[in-house]
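Q: The lines below spell out each chain.
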Amino acid sequence: MKKQKRKKFHKYKSRSKESLVTSEFPLTEQDRITYSYKKDDRGKYIEVTNVSYEGRIRDEWITIVRYDSSHGYLHRHTRISLSNESETTHTNRVIKRGSHHKWLTWAIKDLRANFVDYRRLFFKRSKTIDNYY
Amino acid sequence: MTKKKQAIKNLDLSQKLAEYIASNPMAVKNLPKKSTFVVLSSVDHKLNVENQKLIDSVVAEGKKVIKVVQTKDKFNPWKFSPVAY
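These protein sequence lines map, in sequence, to chains B and Y. So that you can map any letter, position 129 of the first sequence is 406 in this note's numbering, and since no number is skipped, the others follow by simple counting. So that you can map any letter, position 70 of the second sequence is 128 in this note's numbering, and since no number is skipped, the others follow by simple counting.
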């Protein structure tokens, strides 16, 4: 007796609605942090769109370092200098595994621990003195 | 309080608030979408004095500011007050 193959019926997956949440938080008069993340309609984190640390330099807000997970993994972008708007992208010392929620938390903790160093190095590359911290 | 201490404390508070907003989107439903949140602590008076100055400087930039006060209420841990818009 021939075995009948079970037909697989692909369930129609309705598109869940995504919402983008962006929140800006000043840390001092001269720097701030911005969080952007996407959630689905069940409240689950889909993507860390952006976690950025910005500094106010010569009356202009500049993103010094930011994290995103747009390619399916968390990575860090670092602006080169005041005169060079390009960014370097790397995953050195960046968490590799985990959920998007875990990545968001990790990015914030990394900024908490290192934002002064990121800022200091940015000013060094820009050949400018940072008198703030 | 040094600026570095203020920034670190604000990072900690902003993380807690961001988690709350992510989990409770209804809490900010009626607030403008592109708002700037300045957080006041329930216990740190010195930080609150500095952050009050921060509110003034952000308002002077023309931004929509929401003052968020940390409470000791488990069910409503944050109180949102629009400052200027």
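Simulated from the structure, these hints should not be mistaken for lab results. Glycine is no exception: its CB is placed at the ideal position from the N, C-alpha and C atoms. Hints should not be assumed to be uniformly reliable.
To be verified - Once the Cα atoms are required to be at most 27 Å apart in a straight line, the calculated DSS-like pairs of lysine-lysine come out as:
#, chain 1, residue 1, chain 2, residue 2
1, Y, K91, B, K401
2, B, K315, Y, K74
3, Y, K104, B, K294
4, B, K386, Y, K91
5, Y, K104, B, K379
6, B, K315, Y, K63
7, B, K315, Y, K92
8, B, K401, Y, K63
9, B, K379, Y, K132
10, Y, K130, Y, K104
11, B, K401, Y, K132
12, B, K404, Y, K125
13, Y, K61, B, K386
14, Y, K104, B, K315
15, Y, K87, Y, K62
16, B, K315, Y, K111
17, B, K315, Y, K91
18, Y, K125, B, K315
19, Y, K91, B, K379
20, Y, K121, B, K379
21, Y, K91, B, K294
What the hints assert, rightly or not - If you only want the chain B side, here are some residues facing chain Y, beta carbon under 10 Å, derived:
#, residue
22, R309
23, L388
24, Y409
Q: Against each hint, give a clear statement of whether it holds in the structure.
A: Hints, one by one, checked against the model:
1. Y:K91 to B:K401: violated (36 Å)
2. B:K315 to Y:K74: Distance ~18 Å between K315 (chain B) and K74 (chain Y) Cα, so the pair holds.
3. Y:K104 to B:K294: violated (42 Å)
4. B:K386 to Y:K91: Cα-Cα ~25 Å, so holds.
5. Y:K104 to B:K379: Roughly 31 Å between the alpha carbons, so the hint for K104 (chain Y) and K379 (chain B) is violated.
6. B:K315 to Y:K63: Violated, at about 30 Å.
7. B:K315 to Y:K92: Judged against 27 Å, a Cα distance of about 15 Å means the pair holds.
8. B:K401 to Y:K63: holds (22 Å)
9. B:K379 to Y:K132: Holds, at roughly 24 Å.
10. Y:K130 to Y:K104: holds (18 Å)
11. B:K401 to Y:K132: violated (45 Å)
12. B:K404 to Y:K125: With a Cα-Cα distance of about 37 Å, the restraint between K404 (chain B) and K125 (chain Y) is violated, given a limit of 27 Å.
13. Y:K61 to B:K386: This hinted pair holds, its Cα atoms lying about 18 Å apart.
14. Y:K104 to B:K315: It is violated: about 34 Å lies between the C-alpha atoms, which goes past 27 Å.
15. Y:K87 to Y:K62: violated (32 Å)
16. B:K315 to Y:K111: Since the Cα atoms of K315 (chain B) and K111 (chain Y) sit roughly 32 Å apart, the hinted pair is violated (cutoff 27 Å).
17. B:K315 to Y:K91: holds (14 Å)
18. Y:K125 to B:K315: With a Cα-Cα distance of about 24 Å, the restraint between K125 (chain Y) and K315 (chain B) holds, given a limit of 27 Å.
19. Y:K91 to B:K379: Holds. K91 (chain Y) to K379 (chain B) sits at ~25 Å (cutoff 27 Å).
20. Y:K121 to B:K379: violated (30 Å)
21. Y:K91 to B:K294: holds (18 Å)
22. R309: holds (8 Å)
23. L388: Holds, about 7 Å.
24. Y409: holds (6 Å)
Checked against the numbered hints given earlier, this structure breaks hints 1, 3, 5, 6, 11, 12, 14, 15, 16 and 20; the rest are met.
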